[in-house]
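*Asks:* Listed in order, the protein sequences are those of chains A and B.
Mapping the first sequence onto numbering that gives the first Met the number 0, position 89 (from 1) lands on 88, and the numbers just tick up by one.
Mapping the second sequence onto numbering that gives the first Met the number 0, position 133 (from 1) lands on 132, and the numbers just tick up by one.
Errors might be hidden in some of the hints.
Claimed, not checked - Here are a few chain B residues that face chain A, going by a calculated C-beta distance under 7 Å: (1) Pro34; (2) Ala37; (3) Trp218; (4) Ala222; (5) Val226; (6) Gly251; (7) Leu253; (8) Ala261; (9) Ala274; (10) Ala277; (11) Gly296; (12) Ala303.
By construction, these hints were calculated from the structure, which means they are not laboratory data.
Cβ coordinates follow ideal geometry from the N, Cα and C atoms, glycine included.
Number of protein chains: 2
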Amino acid sequence: MRTAAELLPALLEGSHRAAARAISWMENGHPEARPLMARLGPRLGRATVVGFTGAPGAGKSTLTDQLARRLLKGGRRVGILAVDPTSPFSGGALLGDRIRMGAVTAEGGAFVRSMATRGALGGLARATQDAIDVLDAAGFDWILVETVGVGQDEVDVVSCVQSCCVVLVPGMGDEIQAIKAGIMEVADIFVINKADRDGVEAVEQELQVMKSLAPPRPWDPPAVRTVGALGQGVEELEEALGRHGAWLRTQGGLERKALERARLRFRSLLAEESARRALARIGPEGTEALCRDIAAGRLDPYEAVARSLAP
Amino acid sequence: MRTAAELLPALLEGSHRAAARAISWMENGHPEARPLMARLGPRLGRATVVGFTGAPGAGKSTLTDQLARRLLKGGRRVGILAVDPTSPFSGGALLGDRIRMGAVTAEGGAFVRSMATRGALGGLARATQDAIDVLDAAGFDWILVETVGVGQDEVDVVSCVQSCCVVLVPGMGDEIQAIKAGIMEVADIFVINKADRDGVEAVEQELQVMKSLAPPRPWDPPAVRTVGALGQGVEELEEALGRHGAWLRTQGGLERKALERARLRFRSLLAEESARRALARIGPEGTEALCRDIAAGRLDPYEAVARSLAP
């Protein structure tokens, strides 16, 4: 499977190996990535894509695993993408992934992949969107996109999937509240995980207050209580996802989300590619010389960039 | 203060209002931002710049406040930049900021600013670096850069300050461990905050294990125990920062950090500016048309970008 033409048939048949290979191509900017992407178009738009974000420690991976397990039992094909911009690894080298590998893939074949591209030009959001297309084309019924943190990259990624779940836990501090304020607007469903802890009602009340302060939205995001570790509330979560999906289909929401997603992909890929071309024009030595002048205060970065982009 | 020439004198005299105005210019790409930045060069390189990162809830803002309070008592001028990519607000509208405003600025004049630029082209890392220069030129002795989360933006920002403090707390879960793995390499000092909780020794042992697994580094990052809420260990933290600063000066580390910082600034500003120019060439209507085609599967994003960047 060294060319797009060779890889495509296996991918369309749902081969996990082909999917993993294709995602690596997209991550690494392999020469066959573009030809492959160009052939996926007709096969896209069938998967249900759900995102999970929230503070580290909120139990997102456990929750994702439990939902995946439930969907697998129902005979669905499930792909999980774990987005972790802070990880130096990629391709599933994380502790969390190894846990998942054991928990989910062993018992019924979810596809699990860690997205952790770091390059100086970013590209994580773009690579994750590419991976969603790969899994969609490979015929996965559900694609669960899970973020480790709540950086802007990650909020961007989950804010344009079909259903964005923001995972909260009782008894977290002010910084969490600040983060909630930031991602409030992208939430389609609030999941109050570890709901067997004290303070669940407090979180639900805070959510009510925040909703009342936010501008009214056509879809009122429900709050679902779960205990991921025990699998409690996962059925209710799946039902809430079903209701949101049905609402999207009746309200033209799928097209709206698809357009938002296209805008994110286009802009992030454009930034990545135009910077790559600019750096290629300047060359490594030229870039290094400019950076040394900036570091020494001989040149300000704006001027350095203006020179680099001068026709 | 409507032009760089008007604002510069007030800024160099250390006016908080002038600093706030200048930072807004940098954030918003105001036409006077570049002329101002071009005049700061000779005044840079005097401030001690310290970064704080770590999981939400680790108590970074409290710790930053306590350190700021201590430095202010010692007669130093202190600026605090709170980097929060997930916040829809900017310019200090966050709960955390209001807390700080009350706690620190009231009692002796720290400058506090929330950095939360979101634009589709990012720019947060770049704007924060600009803000550091503004405060440096304004004669602040210490600039404390605090991140709310641990997204890549934020790790980038703190990884190139002079001293990067990674704040940990006892008893956090697997996801935190994964994040620690990701930011391990950028830590100059580990702060074990909330050290009055159980599990401090466990965290210290984990750190030892991770250090033993990581490639050896010329500077061995120490671990300092603090209880931010009580101000405990803040003196030790200041001493550790002093030792690291002295080490940097003797080892040419300041120049190395300045070069890393210049690379980050140049690349992020180059990506931002080259994408901005490409989008300007295509125009809003052209961009929207391409995004509609991508959303409908009629055009793949790579092809759309290739067309947009074609000379």
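*Asks:* All hints are to be evaluated individually against the structure, with a verdict given for each.
*Replies:* Hints, one by one, checked against the model:
{"no.": "1", "hint": "Pro34", "verdict": "violated, 9 Å"}
{"no.": "2", "hint": "Ala37", "verdict": "holds, 5 Å"}
{"no.": "3", "hint": "Trp218", "verdict": "violated, 19 Å"}
{"no.": "4", "hint": "Ala222", "verdict": "violated, 20 Å"}
{"no.": "5", "hint": "Val226", "verdict": "violated, 15 Å"}
{"no.": "6", "hint": "Gly251", "verdict": "violated, 12 Å"}
{"no.": "7", "hint": "Leu253", "verdict": "violated, 10 Å"}
{"no.": "8", "hint": "Ala261", "verdict": "holds, 4 Å"}
{"no.": "9", "hint": "Ala274", "verdict": "holds, 4 Å"}
{"no.": "10", "hint": "Ala277", "verdict": "holds, 5 Å"}
{"no.": "11", "hint": "Gly296", "verdict": "holds, 4 Å"}
{"no.": "12", "hint": "Ala303", "verdict": "holds, 6 Å"}
When each numbered hint is compared with the structure, violations occur for hints 1, 3, 4, 5, 6, 7.
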